[in-house]
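2 protein chains.
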Amino acid sequence: MTEKSSTPDDSFHVFDTTLRDGAQREGINLTVADKLTIARHLDDFGVGFIEGGWPGANPRDTEFFARAAAEITFRNAQLVAFGATRRPNAKAADDPQVNALLASGAPVVTLVAKSHDRHVELALRTTLDENVEMVRDTVSYLRSQGRRVFVDCEHFFDGYRANPEYAKAVVRAAAEAGADVVVLCDTNGGMLPAQVQAVVATVAADTGARLGIHAQDDTGCAVANTLAAVDAGATHVQCTANGYGERVGNANLFPVVAALELKYDKRVLPQGALRDMTRVSHAIAEVVNLAPSTHQPYVGVSAFAHKAGLHASAIKVDPDLYQHIDPELVGNRIRMLVSDMAGRASIELKGKELGLDLGGDRELVGRVVERVKERELRGYTYEAADASFELLLREELRGRDGGAGAQQYFRTESWRAITEDRPDGTHANEATVKVWAKGERIVATAEGNGPVNALDRALRVGLEQIYPQLAKLELVDYKVRILEGKHGTSSTTRVLISTADGEGEWSTVGVADNVIAASWQALEDAVTYGLLRAGVEPAP
Amino acid sequence: MTEKSSTPDDSFHVFDTTLRDGAQREGINLTVADKLTIARHLDDFGVGFIEGGWPGANPRDTEFFARAAAEITFRNAQLVAFGATRRPNAKAADDPQVNALLASGAPVVTLVAKSHDRHVELALRTTLDENVEMVRDTVSYLRSQGRRVFVDCEHFFDGYRANPEYAKAVVRAAAEAGADVVVLCDTNGGMLPAQVQAVVATVAADTGARLGIHAQDDTGCAVANTLAAVDAGATHVQCTANGYGERVGNANLFPVVAALELKYDKRVLPQGALRDMTRVSHAIAEVVNLAPSTHQPYVGVSAFAHKAGLHASAIKVDPDLYQHIDPELVGNRIRMLVSDMAGRASIELKGKELGLDLGGDRELVGRVVERVKERELRGYTYEAADASFELLLREELRGRDGGAGAQQYFRTESWRAITEDRPDGTHANEATVKVWAKGERIVATAEGNGPVNALDRALRVGLEQIYPQLAKLELVDYKVRILEGKHGTSSTTRVLISTADGEGEWSTVGVADNVIAASWQALEDAVTYGLLRAGVEPAP
Numbered sequence: 001m002t003e004k005s006s007t008p009d010d011s012f013h014v015f016d017t018t019l020r021d022g023a024q025r026e027g028i029n030l031t032v033a034d035k036l037t038i039a040r041h042l043d044d045f046g047v048g049f050i051e052g053g054w055p056g057a058n059p060r061d062t063e064f065f066a067r068a069a070a071e072i073t074f075r076n077a078q079l080v081a082f083g084a085t086r087r088p089n090a091k092a093a094d095d096p097q098v099n100a101l102l103a104s105g106a107p108v109v110t111l112v113a114k115s116h117d118r119h120v121e122l123a124l125r126t127t128l129d130e131n132v133e134m135v136r137d138t139v140s141y142l143r144s145q146g147r148r149v150f151v152d153c154e155h156f157f158d159g160y161r162a163n164p165e166y167a168k169a170v171v172r173a174a175a176e177a178g179a180d181v182v183v184l185c186d187t188n189g190g191m192l193p194a195q196v197q198a199v200v201a202t203v204a205a206d207t208g209a210r211l212g213i214h215a216q217d218d219t220g221c222a223v224a225n226t227l228a229a230v231d232a233g234a235t236h237v238q239c240t241a242n243g244y245g246e247r248v249g250n251a252n253l254f255p256v257v258a259a260l261e262l263k264y265d266k267r268v269l270p271q272g273a274l275r276d277m278t279r280v281s282h283a284i285a286e287v288v289n290l291a292p293s294t295h296q297p298y299v300g301v302s303a304f305a306h307k308a309g310l311h312a313s314a315i316k317v318d319p320d321l322y323q324h325i326d327p328e329l330v331g332n333r334i335r336m337l338v339s340d341m342a343g344r345a346s347i348e349l350k351g352k353e354l355g356l357d358l359g360g361d362r363e364l365v366g367r368v369v370e371r372v373k374e375r376e377l378r379g380y381t382y383e384a385a386d387a388s389f390e391l392l393l394r395e396e397l398r399g400r401d402g403g404a405g406a407q408q409y410f411r412t413e414s415w416r417a418i419t420e421d422r423p424d425g426t427h428a429n430e431a432t433v434k435v436w437a438k439g440e441r442i443v444a445t446a447e448g449n450g451p452v453n454a455l456d457r458a459l460r461v462g463l464e465q466i467y468p469q470l471a472k473l474e475l476v477d478y479k480v481r482i483l484e485g486k487h488g489t490s491s492t493t494r495v496l497i498s499t500a501d502g503e504g505e506w507s508t509v510g511v512a513d514n515v516i517a518a519s520w521q522a523l524e525d526a527v528t529y530g531l532l533r534a535g536v537e538p539a540p
Numbered sequence: 001m002t003e004k005s006s007t008p009d010d011s012f013h014v015f016d017t018t019l020r021d022g023a024q025r026e027g028i029n030l031t032v033a034d035k036l037t038i039a040r041h042l043d044d045f046g047v048g049f050i051e052g053g054w055p056g057a058n059p060r061d062t063e064f065f066a067r068a069a070a071e072i073t074f075r076n077a078q079l080v081a082f083g084a085t086r087r088p089n090a091k092a093a094d095d096p097q098v099n100a101l102l103a104s105g106a107p108v109v110t111l112v113a114k115s116h117d118r119h120v121e122l123a124l125r126t127t128l129d130e131n132v133e134m135v136r137d138t139v140s141y142l143r144s145q146g147r148r149v150f151v152d153c154e155h156f157f158d159g160y161r162a163n164p165e166y167a168k169a170v171v172r173a174a175a176e177a178g179a180d181v182v183v184l185c186d187t188n189g190g191m192l193p194a195q196v197q198a199v200v201a202t203v204a205a206d207t208g209a210r211l212g213i214h215a216q217d218d219t220g221c222a223v224a225n226t227l228a229a230v231d232a233g234a235t236h237v238q239c240t241a242n243g244y245g246e247r248v249g250n251a252n253l254f255p256v257v258a259a260l261e262l263k264y265d266k267r268v269l270p271q272g273a274l275r276d277m278t279r280v281s282h283a284i285a286e287v288v289n290l291a292p293s294t295h296q297p298y299v300g301v302s303a304f305a306h307k308a309g310l311h312a313s314a315i316k317v318d319p320d321l322y323q324h325i326d327p328e329l330v331g332n333r334i335r336m337l338v339s340d341m342a343g344r345a346s347i348e349l350k351g352k353e354l355g356l357d358l359g360g361d362r363e364l365v366g367r368v369v370e371r372v373k374e375r376e377l378r379g380y381t382y383e384a385a386d387a388s389f390e391l392l393l394r395e396e397l398r399g400r401d402g403g404a405g406a407q408q409y410f411r412t413e414s415w416r417a418i419t420e421d422r423p424d425g426t427h428a429n430e431a432t433v434k435v436w437a438k439g440e441r442i443v444a445t446a447e448g449n450g451p452v453n454a455l456d457r458a459l460r461v462g463l464e465q466i467y468p469q470l471a472k473l474e475l476v477d478y479k480v481r482i483l484e485g486k487h488g489t490s491s492t493t494r495v496l497i498s499t500a501d502g503e504g505e506w507s508t509v510g511v512a513d514n515v516i517a518a519s520w521q522a523l524e525d526a527v528t529y530g531l532l533r534a535g536v537e538p539a540p
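Protein sequences, first through last, are from chains R and X. So the first sequence is numbered by UniProt numbering: it starts at 1 and just counts up by one. So the second sequence is numbered by UniProt numbering: it starts at 1 and just counts up by one.
Worth flagging that the hints you see were computed from the coordinates, not collected in a lab. Just so you know, not all the hints are guaranteed correct.
Identical chains share a label here; the pair holds if one copy fits it or two copies do between them.
[Unchecked claim] Heads up, simulated DSBU-like pairs for lysine-lysine below, C-alpha to C-alpha not over 35 Å straight-line:
hint : residue 1 : residue 2
1    : K438      : K168
2    : K91       : K266
3    : K91       : K373
4    : K91       : K352
5    : K373      : K352
6    : K479      : K168
7    : K263      : K479
8    : K472      : K263
9    : K91       : K438
10   : K434      : K266
11   : K263      : K434
12   : K434      : K168
13   : K434      : K91
14   : K91       : K479
15   : K168      : K472
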């Protein structure tokens with residue numbers, strides 16, 4: 001790549017396979033909507049290629065490619081379809097699996113090919129020569145149809161150990177047939193960096209092919225193996241967000257690109273993209289519904305946390321003596337576990353972002369920091385609940401300016417939700433809410449698909465009499481996380497709700513000892529924020 | 001070391017610092033009893049050195065050394081006290097901090113020393129020459145008192161970059177004064193393997209000292225950095241169990257020793273010790289009260305889990321083609337995951353794992369594959385719900401063998417859950433269940449912290465009259481996932497429940513249009529599986 005340019009060029013590829021290989025991780029089960037959301041995050045982050053799945057192999061992946069083409073305008077990435085070389089003793093042009101790759105409309109295809117002699121014989125059950133022919137024929141056919149082709153040589157490193165000449169013959173066949181990159185895969189993940197470096201260097205010299213690397217983390221060295229391949233001449237790295245993947249996982253995209261940009265001084269992402277890395281990592285964890293790893297390199301909340309004492313004063317004098325990079329370069333921050341300095345700064349920044357003038361009011365900011373800390377300790381999270389945070393900030397501002405405190409459009413007297421399983425197998429969900437607004441007592445009852453849906457409807461049916469603006473509100477997303485997993489259903493429950501009004505979307509949070517009560521809190525905030533957005537004056 | 005002997009000798013050191021550097025991890029807070037338990041595990045596992053803490057610096061560490069000497073008969077390890085070089089411009093023999101190291105009774109002392117010129121000036125506030133003198137004097141004094149001494153050169157790699165001659169002068173001073181090993185520390189964790197290898201090789205050649213390596217994981221390369229140092233001649237590796245440590249953590253002991261034993265073919269632990277590795281890793285996680293990482297290399301429960309249907313048929317033929325080592329070598333095991341990407345082969349393997357003989361019954365396996373696919377399309381996931389999968393499999397087996405189908409201990413007539421927010425702000429959760437078991441109709445009502453907790457209690461209160469075995473069941477984890485995020489609370493909800501009976505734990509799944517109904521399904525499976533485990537005969 002051009003090391004000083006502001007955008008990466010084709011000379012180095014950051015290739016993401018979160019949606020294909022990453023989805024193999026135990027516990028991840030992505031819907032098409034999840035995949036589209038992740039693809040948007042990855043494109044925003046600036047990876048060059050997004051491998052979306054195996055179209056034709058399962059209906060979800062086929063649907064993903066159709067919807068991605070229709071719904072996403074990619075700014076940085078190209079979409080890649082993953083598939084296999086054609087069946088033995090047939091023509092690629094006649095192979096439905098190969099044609100499904102073309103039908104996906106993806107401009108790039110990654111073909112998985114066998115390069116380990118025993119895998120050819122035992123898994124493909126064909127001859128070594130026919131396997132080479134399968135690679136050549138499938139690559140040529142896809143090239144003739146105008147596709148760019150990368151070839152993933154599965155089990156390459158084990159295959160190279162068993163039969164180096166055959167492994168290299170597959171690489172040569174792929175490159176000669178028109179594959180732009182031949183990717184050497186450590187599919188079983190057993191390699192160490194020195195071995196990877198030696199093999200990649202030899203294969204590059206012997207075949208002249210442009211090489212890529214796909215590393216799995218079974219020895220705990222996937223990031224290092226990826227960098228070792230780059231040291232040996234590979235110019236294409238395959239990674240997954242947060243290292244998700246089968247067994248232990250894949251090479252983690254984030255430390256790989258951070259090392260390339262910050263340690264190698266290579267431009268592999270659009271300028272400035274790295275500063276979004278922590279946010280992107282956490283957002284993708286949210287979509288796959290796994291807690292972000294607190295100890296992940298670069299992006300974990302602990303990654304730049306310093307314990308108090310020994311180092312504290314020295315860190316103040318010169319933080320660079322105690323951290324390997326400036327955490328802001330990756331969108332993370334230093335955490336002094338005794339000081340609220342960082343907290344204050346981010347509250348002020350956040351206020352500015354929301355257009356609320358905190359006017360350098362140290363006392364106000366201090367009160368907000370304290371409330372956020374106290375609530376986060378109880379399980380709230382404001383990172384993913386902007387609207388709840390803004391309501392909290394406004395409450396403190398109104399308090400300072402002599403206002404009534406909370407932005408209150410209504411006051412809850414009580415509510416009740418009943419879910420019933422009837423003998424005929426159907427379910428009934430009914431909720432009743434009793435609230436006060438503009439001096440009136442409102443009692444409303446509604447049914448729903450579940451208890452929270454029933455509560456949401458009852459609240460809005462009741463309040464619409466006073467606030468007709470609520471008619472256009474729609475609850476669009478609902479997430480539940482149980483905190484402290486070892487206490488079963490008696491543990492703390494956090495609910496995040498997203499609400500839309502046709503013009504925008506906002507998120508609110510609720511925390512309680514049960515899912516219904518936590519949902520109610522988030523619903524109250526959602527409705528309050530909706531009225532605030534609509535410009536309605538508070539009148540409890 | 002002697003590569004073929006059954007025990008490691010002094011030529012290579014496995015040095016564990018879980019109790020000192022590992023304890024710096026955010027969230028770890030060890031009591032003396034915890035430290036003694038971990039020391040026993042590490043000694044059993046066979047590490048050569050256990051760094052126990054800084055005696056004199058805090059009373060807990062002083063007590064640990066006293067009690068370890070009195071209470072533990074070490075079979076493999078030597079206890080190591082950690083401390084600092086003497087104060088500037090004084091004598092080591094007169095320094096209370098140094099004498100506390102002697103008073104600990106530990107036969108080995110690790111001294112931390114500055115080797116980065118700016119740290120000497122800014123943190124120690126002394127001259128470069130005096131720092132070298134502090135190293136020389138403190139090492140000589142401890143040697144004169146019969147202690148073995150290792151010297152940790154803090155911030156060595158950053159120091160070497162800033163002033164290589166000075167960094168090497170510190171190494172030389174330590175070695176000349178009698179330190180057995182000089183440990184090069186990547187304290188800020190910013191190094192990459194190629195850099196570590198180059199520096200270690202140069203320092204070894206230029207100083208002739210015996211070198212060790214202490215790596216932090218801030219680039220995600222701590223294991224690889226440790227191995228790179230070994231490649232360059234280091235013969236002493238400092239690690240922590242599960243990679244615990246400050247910020248991101250330290251080099252993880254387990255993948256380091258596994259690589260040395262299995263990939264380098266070096267004997268660094270007593271023969272057979274590696275087969276205890278998975279157990280030791282989980283036991284230490286238990287003591288420090290952190291959930292074992294499911295995706296840790298070698299020892300995670302997912303480390304040898306296979307998901308893709310593609311591989312499953314070939315794994316049956318030859319598992320070695322699909323795993324980098326035999327999991328039994330590290331005390332782990334292969335696991336086949338059931339998912340919609342899987343096919344017949346993985347169902348058969350899973351049946352074998354569960355001890356259910358599917359007897360090559362193609363029709364039965366076909367029916368199971370179809371049911372799993374159909375249910376996964378509706379949102380079920382069986383890879384995280386072993387017990388629900390086993391119930392499904394048993395149902396099909398019983399059907400084939402002329403049985404009644406499902407393993408039914410009870411039949412649900414109906415249930416109801418009510419959650420109420422009272423005007424005083426408290427919540428009430430009440431559930432009523434109506435079920436049939438052994439011909440009896442049971443109606444039971446219970447309260448709980450939330451609606452699901454109330455349902456769980458009501459079901460078990462009711463059924464315990466018939467099945468007293470249920471008394472020991474406990475719901476230990478509860479997870480909720482909303483599928484298809486764009487439909488709010490009217491979308492599909494998946495609930496995963498883990499239940500324990502004091503001997504083991506199992507997971508069940510439920511999917512429905514609302515969280516309460518989905519929870520009920522998972523609770524039904526949880527109770528059914530609990531009774532099956534207890535050996536109770538089905539009698540609906």
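Intra/inter-copy verdict for K434 and K91 if alpha-carbon distance must be at most 35 Å
Neither. Shortest intra-copy (70 Å) and inter-copy (62 Å) distances fail the 35 Å Cα cut-off.
Evaluate K168 and K472 at a C-alpha cut-off of 35 Å and name the case that applies: within, between, both or neither.
Result: close neither inside a copy nor across copies, 62 Å intra and 60 Å inter.
Could you figure out if K479 and K168 sit no more than 35 Å apart (CA to CA) within one copy, between two copies, both or neither?
neither (49 Å within a copy, 48 Å between copies)
At 35 Å max between alpha carbons, let me know whether K434 reaches K168 within a copy, between copies, both or neither.
neither (74 Å within a copy, 68 Å between copies)
Checking an output row: K438 and K168, CA cutoff 35 Å. Within, between, both or neither?
neither (79 Å within a copy, 68 Å between copies)
Check K91 against K479 for me: Cα-Cα at most 35 Å, and say if that holds within a copy, between copies, both or neither.
neither (48 Å within a copy, 48 Å between copies)
Could you place K91 and K352 in one of the four classes (within, between, both, neither) given a Cα distance threshold of 35 Å?
So K91 and K352 fail the 35 Å test inside a copy (62 Å) and across (38 Å) alike.
35 Å Cα cut-off: does K472 pair with K263 within a copy, between copies, both or neither?
neither (45 Å within a copy, 55 Å between copies)
Could you figure out if K373 and K352 sit no more than 35 Å apart (CA to CA) within one copy, between two copies, both or neither?
Result: close within a single copy only, 20 Å intra versus 50 Å inter.
Given a CA cutoff of 35 Å, do K434 and K266 count as a within-copy pair, a between-copy pair, both, or neither?
neither (61 Å within a copy, 66 Å between copies)
State whether the alpha carbon distance between K91 and K373 is at most 35 Å within one copy, between copies, both, or neither.
Intra 64 Å, inter 31 Å, cutoff 35 Å: inter-copy only.
Pop the pair K263 and K434 into one bin, within, between, both or neither, using alpha-carbon distances up to 35 Å.
For K263 and K434, the Cα distance exceeds 35 Å both inside one copy (60 Å) and across copies (65 Å).
When the structure is compared with the earlier hints, violations turn up for hints 1, 2, 4, 6, 7, 8, 9, 10, 11, 12, 13, 14 and 15 and for no others.
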